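Enquirer: Residues per chain are reported as follows:
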Amino acid sequence: MAKIKKIIKTIRVDADKCNGCRACEVVCSGFHADPKWSSINPARSRIQVITDRMKDIWFPVFAGEYTPAECAGRNIYEIDGKEYDECHFCRASCPSRDLFKEPDSGLPLKCDMCEDDPPQEEPLCVQACLNDVLVYEEREEEVDEEVAQEEMEIGIKSLIDEYGLENLVDTVSRLLQKEEQTSS
Amino acid sequence: MRYAETGYNLEVDLSTGNIEKVETDPKLMETLLGGLGTSVKLHWDRTPPETKAFDPENLLIFSTGLLVGTPMYSCNRTLVTTVSPQTDLLCYPMAGGFWSAELKYAGYDKIVIRGKAPKLVYLWINNDQVEIRDATHLRGKGAVEVQELIREELNEPRAQISAIGVAGENRCFTASIEQSRSSASRGGAGGVMGDKNLKAIAVRGTKDIYLYDGAKFMEHIEEVRAYIRHRNENPLKGVPAILSGIGSPQEMLHIDEKWHTESFAWGNARMRRRDFWTPEIAKQWAASQNSAIKRLISCFNCSQQCGALIAFQDVPRYMMKCFSKLTYAMAAYVEDLDFTWKICERAFNYGLDSFSTPQILAFGFELRDAGILSDKYFEGCPKDKEGRFFWLLEKVAHRDGIGDILADGTYWAARRIGNGAEAFDHNTIKKHEQMNIKLGMMDPLYLLMYSTNEKMSIPQIEGNWPQMPFPTREQREEFVKDWIHLPDEKFKKYFVDWELRGEFANPHYPTPQIASEIVDWMETLHNIDDAIGLCAGMGSFCLKPPYHIHNYPKIISAATGMDLDEESLTQIVHRSRNLHRAFNNLRGLRRVDEKPPEDNWKYRFPELEAEILSTYYKYKGWNNDGIPTRERLEELNLAFVADDLEKRGILKNGQDKKDN
Ligand code: SF4
Ligand code: SF4
Ligand code: SF4
Chain A
1 MAKIKKIIKT IRVDADKCNG CRACEVVCSG FHADPKWSSI NPARSRIQVI
51 TDRMKDIWFP VFAGEYTPAE CAGRNIYEID GKEYDECHFC RASCPSRDLF
101 KEPDSGLPLK CDMCEDDPPQ EEPLCVQACL NDVLVYEERE EEVDEEVAQE
151 EMEIGIKSLI DEYGLENLVD TVSRLLQKEE QTSS
Chain B
1 MRYAETGYNL EVDLSTGNIE KVETDPKLME TLLGGLGTSV KLHWDRTPPE
51 TKAFDPENLL IFSTGLLVGT PMYSCNRTLV TTVSPQTDLL CYPMAGGFWS
101 AELKYAGYDK IVIRGKAPKL VYLWINNDQV EIRDATHLRG KGAVEVQELI
151 REELNEPRAQ ISAIGVAGEN RCFTASIEQS RSSASRGGAG GVMGDKNLKA
201 IAVRGTKDIY LYDGAKFMEH IEEVRAYIRH RNENPLKGVP AILSGIGSPQ
251 EMLHIDEKWH TESFAWGNAR MRRRDFWTPE IAKQWAASQN SAIKRLISCF
301 NCSQQCGALI AFQDVPRYMM KCFSKLTYAM AAYVEDLDFT WKICERAFNY
351 GLDSFSTPQI LAFGFELRDA GILSDKYFEG CPKDKEGRFF WLLEKVAHRD
401 GIGDILADGT YWAARRIGNG AEAFDHNTIK KHEQMNIKLG MMDPLYLLMY
451 STNEKMSIPQ IEGNWPQMPF PTREQREEFV KDWIHLPDEK FKKYFVDWEL
501 RGEFANPHYP TPQIASEIVD WMETLHNIDD AIGLCAGMGS FCLKPPYHIH
551 NYPKIISAAT GMDLDEESLT QIVHRSRNLH RAFNNLRGLR RVDEKPPEDN
601 WKYRFPELEA EILSTYYKYK GWNNDGIPTR ERLEELNLAF VADDLEKRGI
651 LKNGQDKKDN
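Chains A and B are the protein sequences, given in the same order. Its first residue numbered 1, the first sequence is counted upward by one per residue in the working numbering. Its first residue numbered 1, the second sequence is counted upward by one per residue in the working numbering.
Treat the hints as calculated values from the structure; they're not laboratory data. Among the clues, some could well be false.
[To be verified] One-sided and incomplete, this derived list gives chain A residues near chain B with beta-carbon spacing under 8 Å: (1) V27; (2) K36; (3) R53; (4) M54.
[Claimed, not checked] 25 Å max Cα-Cα, derived BS3-like pairs, lysine-lysine: (5) A:K55 / B:K294; (6) B:K342 / A:K82; (7) B:K544 / B:K492; (8) A:K17 / B:K294; (9) B:K207 / A:K101; (10) A:K36 / B:K216; (11) A:K5 / A:K110; (12) B:K430 / B:K652; (13) A:K36 / B:K554; (14) B:K544 / B:K481; (15) B:K385 / B:K438; (16) A:K9 / A:K157; (17) A:K36 / B:K207.
This one's a predicted model, so the numbers in the text were calculated from it and none came from an experiment. Ideal Cβ placement from N, Cα and C applies to all residues, glycine included.
If we strip away everything but chain B, and leave its shape as in the complex, we get (with noise of 0.2 Å):
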C-alpha cells in the first residue's frame, strides 16, 4: 500500500501516442520525498545536457506534491519541470489552484510528457482512461478561455484544465501555463509545451489518497488550523500590511499599494517613484479594485483567498492574483488601475509571465526611445502609455515583427538586436528577468538568494526572514518572542542583533557565514514545500507562517509512515538541491552566473561580495566554483553524480574535499 503519494506515474509520450501508467519505486519517496525532488531525479536520469528546450527528448514534467490531496491545509501546488529555454537550466515553474489535487485523485503523482505530437493535441485523463485528443480547432484559443471550452467539449464541468495560449504555441520564451486561478509562468515551460504541440491537459479524477496513520495526521493539521486562525485575526505588527498576514501576498484585498508602488522601480526596472501613493491615486485605485473583483477566491483546500475573479466592465472574465496587478501598470507607467483589469485579461488569455513580460515589452520602448530599434519596427502602434502596451504584447505573444525578437526574453532580444541593446538588458540573473527592484545598499541576504538559488526568481526563495531590520531593539525583541519557526535559539540573536545602519547593517550584517546560514534555512523550507506541494505563502514565503520545520517531519511522517525528523527531513531536500545543481551545472552554470545585475544595489563590494559567494558555496559543501564536492555528494548518498561530474571533467581532480 502506498500512502500520501499515489505511486504512479502517466507517462506519456507525444511522438508516438504511447500511454503508459508506470508504477514508481517506492524507495523514491524515502530518497527525494516527491514534487520537485523526485521530478529532477527523471530529468537526471533520462536528459543529457546537451537536450535542448525544444528538443523531443526535453522532458516536460507535470507534478503534485507528495503531500497534494491529503487535509494538509494550501497543499496543492503542481510543479511544472523542464529544460527552460531562456535559461537552458531546469525550471520549475509552480502552480496553485485545483489541477493537482485533481491529478492525485485520478491516481497519478505525475505526467512525464516527451516526444512532439504530429498535430495539436490535448490530453484528457478521467481516472484509469487517458486519451490524446485533436486540439486543431482550439489553436489561438486564450489560454483562460479554453478552459471552459474543453470543460464543455467533455461535458465534464468538474475536470480541471491546465493550458496554453497563443504565445505557448508561438514558443515564447517566457510563456505560461494557466490553470483557473493561477499559472506556472516563470522559465517558459508554456512554450515547451507548444513545441510539444499540448494545448492542454484536462483531468478528472474520483479515486483515494491513502494516509498511513490519519488520526495523529488530523491532530497535526487541527493545530496548524488553529494557528492559521491565529494569524488570520492577528496580522504581525511592524511591517507593512501587504507582509503582515499569512498566504500570498493580499494584493486582491489590500488596496493600499504604497510600499510596493514605491519601493519597486518602474518600467524596464528602471525608476522608483517614491511620492507615488497620493490621496488621488488612493482613490482611484479603490474604486477600480472595488468595482473590478467580483469575488476573493482560494485554491485547493486553503484557508485564504490571494486570488480574486474580476469583471470589470465588458472585459471577458478571468481570475487573477497576487502582483500581475502591479506589473504591467507599472512597466508601463499607467496610474490608472484600469489598465490592469484590461491588460491582465489579455495577458492571460495569451498566457505569458506576468513578472518577465512587462519588463520586456518597457524594454522594447527603451530601445526604441534610445534609437536602438528603428521606427519601422513600430509602425501602427499607438502613442498613448496603455494603448502602445496593448500592441506590443500582442506582437509578442504572436511573434510579429518586433515580437518575435521580443518573445525570446530581454537577454536573447538584447543579443539579436545588438547595437548597444545589451546594456538595456540590466535586470536579467542566468537570462531571466528578475524582480523590477532596485534598492541603495547591497544586502547580503539577497545578494546570495538572488544568485544562487535554483528557483530563479527572487521572491520565490525569500520569505521567513523579515526583508528589512526593524527600527529599534525593543521591535526586535518582541518579534522574536513567538518566532516559534526558527530552526535555531541562535537566529534570534541574529536578528535582534540587526540593525538599519552602523556595524551590524548591511552591507557588513548579516556576516558572510550568518547570511549563509539565514539563506540555507529558507531555501532548506522552499525545497520541502515544492516536494510536498504546500504553497509557499503558507510555509516558506511568509513571515512567520502555520508550517515550518518543526511540524513539517510530523506531518509527513504520519501521512506516509516515513520517520523522519528535523534532520532527515532537511538531509533529503538538501539532496534534491544538490541534485538539481549538478543538473544545472552539467549544462554549464558556474560562480560567474551568479552574480546579481550590476545596478541591482547602488553601493556594491566587490570583494566582500565574493567573500559572501565563496563563504556560502563552502556552507553547502561546494567547491569554489560552485558545483557540489564528491564529499557533500557522498553524504547524500549522491556518488553516482559525482562520477558523472568527475567524468565529464567538471569536478576535477582534488576537488573532491568540501574545504577545497
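In isolation and in its complexed conformation, chain A is listed as follows (with noise of 0.2 Å):
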C-alpha cells in the first residue's frame, strides 16, 4: 500500500487549566459558519465544554466520528474522587445525546482542526482560549494512504444512515449533472 505524508494535529488539554468559559466553543461556531463569522452558535461547535459546576468538572471535548448506534454499555470512570457520567469523555455524534450534532438537521459534526485555505495558524478554539487549556502541536507521520479514504467513507456514512442510501444516490447525480451543465 502507498504510503503518504500526513501531518499529525494535535490539540493537547490541559483540563486542570479550564475556566469553562465556552469562547472556544463560540469561535469554532463563528469559524464554521457559512460565509465565516457570519453567525454565532455555540450549539454547533465542533468543541464542547463538559460542566458539571459544583462536581469541579470543567473539560473540553472535541467532536470524533459520528455513529449510527450507541453504546451497549456505558462507563463511570473516577478520577481524583470525581465521578465522570457515562459519556462525559467521548467524541462520539451519536444517537443517545444531542452534543455534535447541527440543532436544525441534526446532522453529525466533526473537528476538522480548522482546515483552511490558506492554513490558520492554529485552531481557532486554541487562539482564543487565553488560558493555555488548549496547546496545539504538529508532527509529520507517515501514513497509508487509505487512512484519508476512510475519513470521507465514515462522512458519507453518516449521510447515508441520516438520508438513506437511495436519496444519497440520486442526489450525488442530481450534483454531478448540475456540475456538467455549468462546465459545459
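Fit the two chains together into the complex; they arrive one by one in their own frames, and the hints show the way.
Expert: Here it is as C-alpha cells:
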C-alpha cells in the first residue's frame, strides 16, 4: 500500500486550567459558519465544554466520529475523587445525545482542526483560549494512503444513515449533472 | 435580517399566563443600542410614576446586551431593571455568568415580565417553547441549590438558571437574583421577582446570532485578545495588586487584602483598622483561602477568572466572586476568613445582596448596643460574633421578628424603629447602602459619582481613572505614556498635574469643571458597557482595560452594520442616561437627594461641593435641580421627554435652556 506524508495535528488539553468560559465553542461555531463569522451558535461548535460545576468538572471535548448506534454498555470513571458520567469523555456524535450535531438538521459535526485555505496558524479554539488549556502541536508521520479514504467514508456513511442510500445516490447524480451543465 | 440582536422580546404576563414573542422595532438599536438603553425605554413607555415596586404593573425586565453571545470577550451581562422597593427609582442590578448568552441563543433580547402569578412558578424557555411551570414544591429552596434541582427536573444539564431564594420570596428589599457564579444584587430586584411569585427562569438556546461583518469584527477581537494577553502578562505598576490587573477585582486569586481590609470601614461602615493586616492574619487567610477554593472560574466567553468554586469543609458547594469575600467578615468584625466561606453559602442561598446586607446586620447590632432596640428582639441570639451574624441573617431572610424590619434596609428600618435609630443610618444615599468606606479629604470625583449616578452603587460607576494620585510626577508621566484609553489628550495633563497634597490636590483639584469631564467620561463608558452587555471589569470598571472609547464604535459597527464613531456612540448612551434620569425625576429624584453621607469624609466643604454639583449639572445640560433641560433633551431627540416633564410641572417655564 502506498505511503503518504501526513501532518498529525494534536491539541493537547490541560483540563485543570479550564475555567469553563466556552470561548472555544463561540469561535468554533463562527469559523465554521457560512460565510465565515456570519453567525455564532455554540450549539454548532465542534468543541463542547462538559460542565458539572458543583462537582468541579470542566473539560473540553472535541467532536469525533459519527456513530449510527449508541454503545451497548456505559462506563463510569472515577478520577481524583470525581465521578464522571457515562458519556463525558466520548467524542462521538451519537444517537443517545444531542452533542455534536447541527441543532436544526441533526447532521453530525466533527472537528476538522480548522482546515482552511490558506491554513490558519493555529486552530481557532486554540487561539481563543487565553488560559492555555488548548495547546496546538504538529508532527509529520508516514501513513497508509487509505486513511484519508477512510475519513471520507465515515462522512458518507453518516449521510446514508441520515437520508438513506437511495436518496444520497440520487442527490449525488443530480449534483453531477448540474456540474456538467455549468462546465459545458 | 437583524444583526447582533435577535430582534425579539418575550413578553410574559404572569397574572394571565399570557406569553408572547414580540418583534422589536429595529430603529431602537440605532437610538438606544440595547441592554439597559432599550430597557429604560420600555419602563419609560409603560410605567407611570405612580407605580410602586410591588404593584403588578411594575415591569421586571431581564435583558441581554447588544453584543452578548458574539465572540466579543467578556460580553455576558444580564441587566435586570425594575422599580426598586428600596429607592422607588429604576434600579438595574447586573449579573455575569452564562444566563444572558443562553437567552440570546434561545432567540430573545429581553424577557419583559409583568403581573403576578397566582402561585409560585418558574419560567422554562427552550428556544421557541416557553412554559410557566409550577414551582410550589420549590418554595423555600436556596437560590443556589434550586438551580441544580430545576436542571434535574427539566433533565437539561445545559439549561442556565436565574433564581431567587427565601429572601426574594419574602420580598426583602436587598434580595438578589442568583445565577451560577454571579448575581444581580443591588436594589432589591429579587424582592420584585418574589412579589411576582416567580422563583426562577430557566433557559436553553441553540439558535444563531448574526454578525453584519463578522470578518471585520474578528479583526477587532483579535486586537483585543492581544491586549488582554499583554495586560495579563504585565500588571500595572504603582497601584495595589488588587487594582493592577483586568477583570473584576481578583479577590479569589489574591490573598493579600491589606488594601481593602485597612482602607475600608468595618462594622456598619464604622471603623478603619489600619493595622489589621498582620503576618498572622496573612498566614491564616492564605491557609483558609487555599483550602476553600477548588478552582477559579470565569463567566461566559471571558479570559479572566474572577469567580471560584468554593468547597469548604462540610459547607454545601457554591460559587463566589469578588468583594463578598470581605463584606460579611468585615461587618461582623470577624478576623477568621473561615467565617466568610460559611456565611456566604447561607447568604447566597437565601439570595441576599452582599453589599447591603452585612451593613444592615451590623446596623441591627449597633441599635441593640445603643439600647434603641431592646433585648426582647434578640431572644435566642448567640453571643459570639459569628453566631450572632448567622442568627440575624436568617431572621432577615425570613422576615422573622426584628428581621422583618431590617429586611427593608437601613434607611427604612431606621425610620420604622425611630427613637434615634435614624442617626445610625449613616451610609445610605437615596435610601441605598453604599460602599463601606470613610475617608479624610473630600474627593470631587467621588462626590459626583456617589451623588449623581443612576447606577446607585459607587463601585459600579468608577473605574478608568485611578482612585488616588500617584506620589511623584515621574510615576504619573510614566502612567500616561500608554494610556490609549483616554477620550482626549487633555486628560493626560489632568492626571499629571494631580498631586497628593497642595494646590493640585483634593479638594480643589480636579477643579469642578475637570471633575465633571472625568466623571462624564467614566459614566459614558459604564453606559456603553450596560447597553452592549460587557462586563465592567473589562471596560468601564478597570484601569487600562481592553475596551475603550476608541474601539467600542468599531466593534459595535462591525457587529451591527451601524456606522458609529466616538461621537455618535456617546450621543446614544447619553440619550439613554438622560431618559433614565428623567424617569427617576418623574419619581421625585431631585438635587437634595444627591449627596453622600455626612460622614463620608472627615473634611467637608459645603460651598465647594455645591459648586461641583452645579458645574456637573450644567456640563450635563441639566438645570440646577438635576433635571435635563428641554434644550439638552431636544439635542438627544427626546422632545417627548421634555413635554412630559413640563406637563407634570417638573421642568418649569424658563428652565428650558441649558444655561439656566
Ligand atoms: S480545532 Fe477548529 S474545528 Fe476543531 S474544535 Fe477547535 S475550532 Fe473547532
Ligand atoms: S476557551 Fe479554554 S478555558 Fe475556556 S472553556 Fe475553552 S478550553 Fe476552557
Ligand atoms: S472579568 Fe471576571 S467578572 Fe468579568 S466577565 Fe470575566 S470572569 Fe466575569
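Enquirer: Next step is simple, just say for each hint if it's right about the structure.
Expert: Structure-based check of all given hints:
no. : hint            : result
1   : V27             : holds (6 Å)
2   : K36             : holds (6 Å)
3   : R53             : holds (7 Å)
4   : M54             : holds (5 Å)
5   : A:K55 / B:K294  : holds (10 Å)
6   : B:K342 / A:K82  : holds (23 Å)
7   : B:K544 / B:K492 : holds (13 Å)
8   : A:K17 / B:K294  : holds (12 Å)
9   : B:K207 / A:K101 : holds (13 Å)
10  : A:K36 / B:K216  : holds (11 Å)
11  : A:K5 / A:K110   : holds (22 Å)
12  : B:K430 / B:K652 : holds (24 Å)
13  : A:K36 / B:K554  : holds (19 Å)
14  : B:K544 / B:K481 : holds (12 Å)
15  : B:K385 / B:K438 : holds (23 Å)
16  : A:K9 / A:K157   : holds (24 Å)
17  : A:K36 / B:K207  : holds (16 Å)
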